[in-house]
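J.: Sequence:
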Amino acid sequence: MTQALADLLYPHIDTTPEDWYRRYPPRSLPEGAWVTRFAPSPTGFVHIGGIFTSLVARQLAHQTGGVFILRIEDTDKKREKDGSVEEIVRNLNNFGLTPDEGIVQVDPEEREVGDYAPYTQSERIEIYESFAKFLVARGLAYPAFDTEEELERLRKIQEAQRLKPGYYGSFAKWRDAALDAVKAELDKGSRPVLRIRAPFPTEERLRFTDGIKGDLDLPVNDQDTVLIKSNRIPTYHFAVVVDDTLMRVNLVIRGDEWLPSAPLHFQLYQYFGLTPPRFAHVAPIAKMDGDSKRKLSKRKDPEANVTYFHEQGYPKEAVAEYLLNLANSAFYEWRKANPTAPHTAYQVRLDNMGVSSPLFDLVKLNDVSKDIIASYSAERVYEEGMAWARVHNPRLAAILERDKAYTLRVFNVERTGDAPRKDIVNWSDIERACGFFFDDLFAESIAANGYPMPEKVPTEDIGRILEAVIAFDLARSKEDWLATMRDLAESLGYARDVKTYKKNPESFKGHFGDVMMVVRVALTGKTNTPDLYEILQTLGAERAAERLRAAAAQFASA
RNA sequence: GGCCCUAUCGUCUAGCGGUCUAGGACGUGGCCCUUUCAAGGCCAAAACACGGGUUCGAGUCCCGUUAGGGUCACCA
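Take 1 as the starting number for the first sequence in this note's numbering and just add one per residue.
Please keep in mind that the hints were generated in silico from the structure rather than gathered at the bench. Certain hints may be false.
Unchecked claim - Computed cross-link-like contacts, DSS-like style, restricted to lysine-lysine with a CA-CA straight-line distance of at most 27 Å: (1) LYS526 <-> LYS364; (2) LYS295 <-> LYS81; (3) LYS300 <-> LYS77; (4) LYS295 <-> LYS364; (5) LYS316 <-> LYS404; (6) LYS526 <-> LYS456; (7) LYS478 <-> LYS509; (8) LYS156 <-> LYS81; (9) LYS183 <-> LYS229; (10) LYS295 <-> LYS77; (11) LYS499 <-> LYS526; (12) LYS213 <-> LYS293; (13) LYS364 <-> LYS422; (14) LYS183 <-> LYS173; (15) LYS478 <-> LYS499; (16) LYS316 <-> LYS298; (17) LYS370 <-> LYS526; (18) LYS213 <-> LYS229; (19) LYS287 <-> LYS213; (20) LYS298 <-> LYS364; (21) LYS404 <-> LYS503; (22) LYS526 <-> LYS478; (23) LYS336 <-> LYS422; (24) LYS77 <-> LYS298; (25) LYS509 <-> LYS422; (26) LYS77 <-> LYS229; (27) LYS295 <-> LYS78; (28) LYS499 <-> LYS456; (29) LYS293 <-> LYS229; (30) LYS213 <-> LYS295; (31) LYS456 <-> LYS509; (32) LYS404 <-> LYS526; (33) LYS316 <-> LYS295; (34) LYS287 <-> LYS298; (35) LYS370 <-> LYS287; (36) LYS456 <-> LYS503; (37) LYS336 <-> LYS364.
Keep in mind that this is a model prediction, so the values were computed, not measured.
Please model the complete structure; the sequences and the hints are all you need to start from.
T.: Structure, rendered in structure tokens:
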């Protein structure tokens, strides 16, 4: 009877799961190797959570000698967007998460790699139907012809009677339909969905240990969930079990929104007589929305989309290290102990991952990013900064490119030595941090904001201070310059140093720092900048003098 | 509403019955250093949701309350 139904539904299928198990044999990998995957659907948007789970999944695979796969779950044709797959691949590559297997490249020539192909679900229909036929033949799945309206009506009834919604037990109209009834519908041209035959009622529990959440105790699935839609495309639940099995994935790392459907997945493994893989359900990254916490939303939160980080110009290491920090707080300790090791050398531990949603913290990301950029050479800052600026700030790119040697000198200011300056947050921050070195940007800033001179320094002092700097020969040493400036400060009635000033604040107009601030503002238009002597050297005598004169003129006339 | 998960400084967390007068990081404040801004050093404020148990002893185990979160589609 059930075999007849199977043949009726899938007359064209003559393969069995066994055939596919042979076609996709177990992998020969070292003991304890994890085979993991990222399996997004191509909806035109890569969520930061996807990068987070991929990072963990890839790291875990690599540190055990396993494989990280990218599989495309395009089972919802309605939501699919053109170019999404390329977008996913590109983003993965951008964050250094290139898969070992599956869809690995945008280039169509070398797009797909691996012996477990195809890696796109819409190309695997025959496989799913073999597995479907297997279930039908054993009475573990059945066709159902309910229309959308009928299902809607069912929902209403259940709601009114305060019953659990769904297709189950006596509500499952097609559960035990006669073969003739199925045939009749088929002859009418109706296309059925395939539903799993779940036990109902059942008090049974499913117990398993999640890699992150620990011991779990869930009710066994009693819903006759749709396995294959009427358009012959499987639902996620069915496809994921079949694919993970055939691709020999042994560690499923996914968002914890899947936890409630895990019992259905376990049920499928059981129906196929398979040992389920290990699961690890990751809590989603959240943010505060008013008083409540919620998952980062693609509609409301720009930072939910990974392209945001790219557009802002965060180096990929910065995002990766921030996420690694979120995954394992011990990463910080490791980083301190191994300041120069690549983050990929860190051994991620699943059982150290948090079980509840962490809040996304941009301030912390910025801190991580500043550290990372501070560790780069001027050349690297130039290259990566230029790569970003060419796309996102062409005007800045043109300015930086105009005199590469000069730009490199700019990026090298306070970059050498034990404590490199940490002032660039990301590539889009270059303009704010270093813009004043470039005449166009400097002129703009002065035009817009003027000179934010310290108020305690009178105008007549400003002229004298600036003249002294113009007169100073830049070939002389930093010590000479500081000594000269100190003498000047003193002669104008300012304390030689902060200490002297603090001892006797009333007897000075201010201290050396205030005098230097005048120079800083004249030279840069800003109150916070790197070392002044280095700035003078970088700008060069001519350009520096020009700026100092312009400022002096401004305050002389005032 | 049913089911499930979670609950330590503002944030990320360490903690797996005594070593917790609860540790670290980011952030915040102060001091030192300093030509400025960073960095760095030192210091400070800052948390075990609540109520019951169990125990000689509970942040750690159990129960409840409360509060968050997730999920209940022919979407993933």
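J.: Now tell me, hint by hint, if it's right for this structure.
T.: So, going through the hints one by one against the coordinates:
no. : hint              : in the structure
1   : LYS526 <-> LYS364 : 25 Å, holds
2   : LYS295 <-> LYS81  : 23 Å, holds
3   : LYS300 <-> LYS77  : 24 Å, holds
4   : LYS295 <-> LYS364 : 18 Å, holds
5   : LYS316 <-> LYS404 : 24 Å, holds
6   : LYS526 <-> LYS456 : 17 Å, holds
7   : LYS478 <-> LYS509 : 25 Å, holds
8   : LYS156 <-> LYS81  : 33 Å, violated
9   : LYS183 <-> LYS229 : 18 Å, holds
10  : LYS295 <-> LYS77  : 25 Å, holds
11  : LYS499 <-> LYS526 : 25 Å, holds
12  : LYS213 <-> LYS293 : 20 Å, holds
13  : LYS364 <-> LYS422 : 14 Å, holds
14  : LYS183 <-> LYS173 : 16 Å, holds
15  : LYS478 <-> LYS499 : 21 Å, holds
16  : LYS316 <-> LYS298 : 20 Å, holds
17  : LYS370 <-> LYS526 : 20 Å, holds
18  : LYS213 <-> LYS229 : 31 Å, violated
19  : LYS287 <-> LYS213 : 21 Å, holds
20  : LYS298 <-> LYS364 : 21 Å, holds
21  : LYS404 <-> LYS503 : 47 Å, violated
22  : LYS526 <-> LYS478 : 21 Å, holds
23  : LYS336 <-> LYS422 : 17 Å, holds
24  : LYS77 <-> LYS298  : 19 Å, holds
25  : LYS509 <-> LYS422 : 32 Å, violated
26  : LYS77 <-> LYS229  : 12 Å, holds
27  : LYS295 <-> LYS78  : 24 Å, holds
28  : LYS499 <-> LYS456 : 18 Å, holds
29  : LYS293 <-> LYS229 : 35 Å, violated
30  : LYS213 <-> LYS295 : 18 Å, holds
31  : LYS456 <-> LYS509 : 7 Å, holds
32  : LYS404 <-> LYS526 : 24 Å, holds
33  : LYS316 <-> LYS295 : 23 Å, holds
34  : LYS287 <-> LYS298 : 12 Å, holds
35  : LYS370 <-> LYS287 : 22 Å, holds
36  : LYS456 <-> LYS503 : 18 Å, holds
37  : LYS336 <-> LYS364 : 16 Å, holds
The structure fails to meet hints 8, 18, 21, 25 and 29 from the earlier list, while all remaining hints are met.
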